[in-house]
Amino acid sequence: MATVIVDNREVELPEGVQLNCIQAAALAGVEIPHYCFHPGLSVVGSCRMCLVEIGKRDPQTGHITMFPKLQPACNTPAADGTVIVTQSEKVQQARAMVEEDLLLRHPIDCPICDKAGECRLQDYHFRYGQKERRAEILPFHSRRRDLGDVFLFVDRCVMCTRCVRFVREVAGTGELLVLARGAHEEIAVLPGYPLNNKLSGNVVDLCPVGALADKDFLYKQRVWFLRSHRSVCPHCAAGCSIWIDENQDHLWRIRPRENPHVNRWWICNDGRYGYHQVHDRRRLLGARRRTADGWEELDWAQAPLVVREALERAGRLAAVLSPFLTVEEAYLLALLVRRIDPEALLGLGPVPRMGQDERFPGGFTISAEKCPNRRGVEAVLSYFMKGRVLQFDELLGQLGPQGVRGLWITGGYKAPTPPVSHVLDQAIADRLEGLDLVIVQDLFPSPVAERAHYVLPGAAWAERDGAYVNCQDRLQSFRRAIRPPRGVLPEGWLLWQMHQRAGQFDAAAVLDEMAQQITYFAPAVYEIPEVGLDLKAGLLAATTAKTASELKG
Amino acid sequence: MPTFEPVLLANVGKPDSHTLKVYEAAGGYQTLRRVLQEMAPKEVVDRIRASQLRGRGGAGFPTGLKWSFLPKDDPGPIYLCANADESEPGTFCNRVQMEHDPHQILEGIILACYATGASAAYIYLRYEYPLAYERLQQAVEECYRAGYLGRNILGSDMSLDIYIHRGAGAYICGEETGLIESIEGHRAWPRTKPPFPAVKGLFQRPTVVNNVETLACVKHILERGIEWFQSIGTPPDPSDPRDPGSFGPKVFSISGHVNRPGCVELPLGVPVRELIEQHAGGVWKGRKVKAVVPGGLSTGVLSAHELDTPLDFSGPCKAGCLGLGTGGVIVLDETYSMVDFLHNSCRFFAHESCGQCTPCREGTAWAYRIMQRIKAGRGRLVDLDLLEEIGNSIGIIPGSTICGLADGAAWPIKTTLAKFRDELEDYIRRTNPLGCRNPAPVEALPEWREHQSITGRKLLGAEATI
Ligand SMILES: Cc1cc2nc3c(=O)[nH]c(=O)nc-3n(C[C@H](O)[C@H](O)[C@H](O)COP(=O)(O)O)c2cc1C
Ligand code: SF4
Ligand code: SF4
Ligand code: SF4
Ligand code: FES
Numbered sequence: 001m002a003t004v005i006v007d008n009r010e011v012e013l014p015e016g017v018q019l020n021c022i023q024a025a026a027l028a029g030v031e032i033p034h035y036c037f038h039p040g041l042s043v044v045g046s047c048r049m050c051l052v053e054i055g056k057r058d059p060q061t062g063h064i065t066m067f068p069k070l071q072p073a074c075n076t077p078a079a080d081g082t083v084i085v086t087q088s089e090k091v092q093q094a095r096a097m098v099e100e101d102l103l104l105r106h107p108i109d110c111p112i113c114d115k116a117g118e119c120r121l122q123d124y125h126f127r128y129g130q131k132e133r134r135a136e137i138l139p140f141h142s143r144r145r146d147l148g149d150v151f152l153f154v155d156r157c158v159m160c161t162r163c164v165r166f167v168r169e170v171a172g173t174g175e176l177l178v179l180a181r182g183a184h185e186e187i188a189v190l191p192g193y194p195l196n197n198k199l200s201g202n203v204v205d206l207c208p209v210g211a212l213a214d215k216d217f218l219y220k221q222r223v224w225f226l227r228s229h230r231s232v233c234p235h236c237a238a239g240c241s242i243w244i245d246e247n248q249d250h251l252w253r254i255r256p257r258e259n260p261h262v263n264r265w266w267i268c269n270d271g272r273y274g275y276h277q278v279h280d281r282r283r284l285l286g287a288r289r290r291t292a293d294g295w296e297e298l299d300w301a302q303a304p305l306v307v308r309e310a311l312e313r314a315g316r317l318a319a320v321l322s323p324f325l326t327v328e329e330a331y332l333l334a335l336l337v338r339r340i341d342p343e344a345l346l347g348l349g350p351v352p353r354m355g356q357d358e359r360f361p362g363g364f365t366i367s368a369e370k371c372p373n374r375r376g377v378e379a380v381l382s383y384f385m386k387g388r389v390l391q392f393d394e395l396l397g398q399l400g401p402q403g404v405r406g407l408w409i410t411g412g413y414k415a416p417t418p419p420v421s422h423v424l425d426q427a428i429a430d431r432l433e434g435l436d437l438v439i440v441q442d443l444f445p446s447p448v449a450e451r452a453h454y455v456l457p458g459a460a461w462a463e464r465d466g467a468y469v470n471c472q473d474r475l476q477s478f479r480r481a482i483r484p485p486r487g488v489l490p491e492g493w494l495l496w497q498m499h500q501r502a503g504q505f506d507a508a509a510v511l512d513e514m515a516q517q518i519t520y521f522a523p524a525v526y527e528i529p530e531v532g533l534d535l536k537a538g539l540l541a542a543t544t545a546k547t548a549s550e551l552k553g
Numbered sequence: 001m002p003t004f005e006p007v008l009l010a011n012v013g014k015p016d017s018h019t020l021k022v023y024e025a026a027g028g029y030q031t032l033r034r035v036l037q038e039m040a041p042k043e044v045v046d047r048i049r050a051s052q053l054r055g056r057g058g059a060g061f062p063t064g065l066k067w068s069f070l071p072k073d074d075p076g077p078i079y080l081c082a083n084a085d086e087s088e089p090g091t092f093c094n095r096v097q098m099e100h101d102p103h104q105i106l107e108g109i110i111l112a113c114y115a116t117g118a119s120a121a122y123i124y125l126r127y128e129y130p131l132a133y134e135r136l137q138q139a140v141e142e143c144y145r146a147g148y149l150g151r152n153i154l155g156s157d158m159s160l161d162i163y164i165h166r167g168a169g170a171y172i173c174g175e176e177t178g179l180i181e182s183i184e185g186h187r188a189w190p191r192t193k194p195p196f197p198a199v200k201g202l203f204q205r206p207t208v209v210n211n212v213e214t215l216a217c218v219k220h221i222l223e224r225g226i227e228w229f230q231s232i233g234t235p236p237d238p239s240d241p242r243d244p245g246s247f248g249p250k251v252f253s254i255s256g257h258v259n260r261p262g263c264v265e266l267p268l269g270v271p272v273r274e275l276i277e278q279h280a281g282g283v284w285k286g287r288k289v290k291a292v293v294p295g296g297l298s299t300g301v302l303s304a305h306e307l308d309t310p311l312d313f314s315g316p317c318k319a320g321c322l323g324l325g326t327g328g329v330i331v332l333d334e335t336y337s338m339v340d341f342l343h344n345s346c347r348f349f350a351h352e353s354c355g356q357c358t359p360c361r362e363g364t365a366w367a368y369r370i371m372q373r374i375k376a377g378r379g380r381l382v383d384l385d386l387l388e389e390i391g392n393s394i395g396i397i398p399g400s401t402i403c404g405l406a407d408g409a410a411w412p413i414k415t416t417l418a419k420f421r422d423e424l425e426d427y428i429r430r431t432n433p434l435g436c437r438n439p440a441p442v443e444a445l446p447e448w449r450e451h452q453s454i455t456g457r458k459l460l461g462a463e464a465t466i
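Residue numbers (this note's numbering), protein chains in the order written: chain A, 1 to 553; chain B, 1 to 466.
Hints should not be assumed to be uniformly reliable.
Claimed, not checked - Some chain B residues close to chain A (C-beta under 8 Å, calculated; not the full set):
1. Gly185
2. His186
3. Phe348
4. Cys354
5. Gln356
Said to hold, decoys possible - Pairwise CB distance ranges, derived in the manner of DEER restraints:
6. A:Lys56 to B:Asp426: 44 to 50 Å
7. A:Leu218 to B:Glu184: 34 to 40 Å
8. A:Glu530 to B:Cys317: 52 to 58 Å
9. B:Glu277 to A:Gln87: 36 to 42 Å
10. B:Asp16 to A:Lys56: 53 to 59 Å
11. B:Trp228 to A:Lys90: 30 to 36 Å
12. A:Thr519 to B:Phe203: 28 to 34 Å
13. A:Glu530 to B:Lys42: 53 to 59 Å
14. B:Arg242 to A:Lys90: 22 to 28 Å
15. B:Phe61 to A:Gln221: 54 to 60 Å
16. B:Cys317 to A:Glu10: 22 to 28 Å
Since the hints were made in silico from the structure, they are not lab data.
From the three backbone atoms N, C-alpha and C, an ideal C-beta is built for every residue, glycine too.
Go ahead and model the full structure; you've got the sequences and the hints to work with.
This is the structure in structure tokens:
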């Protein structure tokens, strides 16, 4: 087992991965400050903030020889016997030097800088900088340059080139470049070729200072007012891990959450800026039911009972499980309609697709399937329908022949953007003519909701608890980040009450139950890690374990 | 010392010395012919290694050793880059050779490629040498026609192509990995090492980078033998087991306040005084020497007391300089102000810093701003301490930067402060007698407006300020 010695402490290196000294020190809980290094980008070793003293321990004698010069930790691989010294005076001086250098021409307009509070230049200055400012420079203003998708505050840049490397290596679009030389250097784009690609928002996260600013987020919130919640992006089947940054039930920012199995360090702009629909004015609010002369408000407290009775009256039932439902909600809904009508038809809601999967040179992929949980809902359907997954069209086709009288449709689809209408459009509404009962549970008004007997406003993903299964069969759980607006009862809560279960909706308990019942979800009996759970690999393990125990028996 | 016979500049001055005809008439390409027939590549490497030839490009790295770092049994391609970027202030040694005797360099390149197994060589030539470009280009074409380049050179199974790549005026393109990046078409930002070019260089392939004069020496060693080579220059210092000595001839370029500036070939180890007095006609206008830059601005300065310093790889180091550098000697006479010297030096390196590493980018620019202020009569004595601190903290020697440009910027600062501090202090006391801090702002980037008018405005148009 390879060990490194970080500030006199020995740590074991994990096998099978090559770490550099910044990463190895982090394993020991020691921070080596750095600007230009990022694990997802090539190593350039240029900011020199990570300078440390490096040595080598002789495996036989245990004798340690130190390199005479400071070394960049980012470009020094950690190997057995590597000695890293991060606290010596030499190192401290070097860090203070780099901090002082970076502040020589820095505007220090932190009070109006978006990054303040999560800025490395600020943080490192307080941790590693020196108190005194020795350069005689009067303050000067900060230039703002429109690069296309983002703004650049030119003079705040510390020239780490992370943004430039990102657009070259990960996005493969290469719009950003370094202009001029030496202290005149600036990040820029060529005229007529603005920063414009579907991953461009990531450069803002990558920027260690406030040089790159998100046009969506700029001047909206001070970051210290935000609370971050772990979540999963609902905008395509890739299911990127994200952070939701929220303040008082308002989403302000979506950021990628590192997940080596899914999105690594990135997310696409659809996921980053798609959150706006959570706060869209057009959202359905307040449950209602159709009466002879129009709509009538339905008290949410009455709804579970009233809706259940309506279902029971209808007799033959069908339910459409939308690929926007969490697996728990899909399970509870299927279970509910099957309790009332054991023969109930269950089908998959429309699966929105757009074009082809988009693959980027760095490996990042945006799925063409614009919903988060087709795999999970299919697994639930296949359990209840004995291995069959009815597609939406098939289900509609069977309503008549099967004598279905009542239909529950779940949605969660994007708000209509004229001329594109809601997924549940007029054509679908027309095919529902003649049903005794249509229940629509959705985010936005649609022709189908217009035609419904009951409209039950549903929650946006950030307001739900549950789990999605992405296109790689990875199950990721998330908790709600904000409370839903008044007039909305999240799907899971309503279904929980309709099942007359005690207390509040408990997604973890439902998932537990599913893990017992449905083989596909069997691996989910254990705690779901933050990076999610690979159901396919878990399943493989479970089946082999089963055969093994069978063999033994 | 036995009489010294120049070889590197031997053809300079002959009519049409740059042509193949004249070069061949003096025995040119005979060495190549003989080596291709008689020696295996490994023998060539061994011979160069045994000769203790050290690089003429600035760092004095043993050439044979550098070649031996190439991976064994590499399937290829391997590349050789001949460094003719010669941008070090005060240096024009390569220029004379390239303009007057390009074939000597080409023969050296072909021999080095034979030894290293390189299948293509790039000559990285600074743009400011149009005549050298013309003559090198012509010489390469002559070689192709004569069968010294191309497929199956002189009937052997060696094949080689030579490309001449012209720089665009940046000093940093002379740094070996900056040079490689530049050939690849990127901006010349030196690469962080490891990996070294011998393992991953041009186009991610094993690459050797050598100065053109080094390569010319290769030819002469193979022609005249190790004994001849080691009879010239300074033998290793017996008290320093790691000193490989400084053998061979070296071209020195002398400029500044001398009567006869120019290029001269002499054995390594010639004392500065002899160079000035006997080969440059002495200091001009009957004045005395104040300071001498021994080998390009990067190496720092020698004071008038240090004129007996031998110009070999270790001589200038012992006098506090960075090293022999390029052999570009600059003489400053007694009337010259060291404030101007340091101001100019700081300006050069601030302008040429590639801007990658924080300590170099900011340190060189800061030093320049300080010198501007001092020169403008607003300096304070503490500024000298600050300068010294910058000088001591930037460069690959302290480990704070990627390449040696920062060391080159540091050494003039350090040596000037060490040897001429009195003069700088006098100047500051004279121009700012109260030592007060002048409240007038010094712009963070004095030239950015001007600079923007060149690059930025044109490219980017008007810009908002917040
Ligand atoms: C900033 C900088 C500029 C350099 N410029 C040159 C140059 O113009 N010509 C050159 O031959 N070497 C130059 N060098 C040295 C090269 O990096 C390299 O050491 C040399 O080409 C190796 O050749 P040699 O071993 O034959 O000396 C420069 C180095 C630095 C750090
Ligand atoms: S980037 Fe912004 S927050 Fe960071 S130091 Fe500069 S002005 Fe302050
Ligand atoms: S804009 Fe930000 S990410 Fe880009 S080089 Fe500057 S500091 Fe680095
Ligand atoms: S030391 Fe200076 S010139 Fe060399 S790579 Fe760093 S910034 Fe560029
Ligand atoms: S993180 Fe190592 S030099 Fe920037």
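Beta-carbon spacing of B:Glu277 to A:Gln87 - inside the hinted bounds 36 to 42 Å or not: For A:Gln87 against B:Glu277, whose Cβ atoms are near 54 Å apart, the range 36 to 42 Å is violated.
Range agreement (Cβ of B:Lys42 with Cβ of A:Glu530, hint 53 to 59 Å): Given range 53 to 59 Å: holds, Cβ gap about 57 Å.
Restraint satisfaction for B:Gln356 [CB to CB of chain A, less than 8 Å]: holds (4 Å)
Outcome for the supplied range 22 to 28 Å, where the beta carbon pair is B:Arg242 and A:Lys90: holds (24 Å)
Distance restraint hint 54 to 60 Å, applied to the beta-carbon atoms of B:Phe61 and A:Gln221: holds (55 Å)
Interface hint status, B:Cys354 versus chain A (Cβ within 8 Å): Check passed: Cβ of B:Cys354 comes within 6 Å of chain A, closer than 8 Å.
Range hint compliance [Cβ, A:Lys56 to B:Asp426, 44 to 50 Å]: With a Cβ separation near 49 Å, A:Lys56 and B:Asp426 satisfy 44 to 50 Å, so the hint holds.
Range hint 34 to 40 Å (beta carbons of A:Leu218 and B:Glu184) holds or violated: The hint (34 to 40 Å, Cβ to Cβ) holds, given that A:Leu218 and B:Glu184 are roughly 37 Å apart.
Assessment of proposed distance window 52 to 58 Å (beta carbons of A:Glu530, B:Cys317): holds (56 Å)
Interface hint compliance - B:Phe348 to chain A, C-beta minimum distance less than 8 Å: Status violated, d = 11 Å.
Consistency of beta-carbon spacing, A:Lys56 to B:Asp16, with hint 53 to 59 Å: At roughly 58 Å between Cβ atoms, A:Lys56 and B:Asp16 fall inside 53 to 59 Å, so the hint holds.
Given hint B:Gly185 near chain A, where the shortest CB pair must fall under 8 Å: This hint is violated: B:Gly185 lies away from chain A, its Cβ roughly 13 Å from the closest one there, beyond 8 Å.
Going down the numbered hints, you'll see the structure goes against 1, 2, 3, 9, 11, 12, 16, while the others check out.
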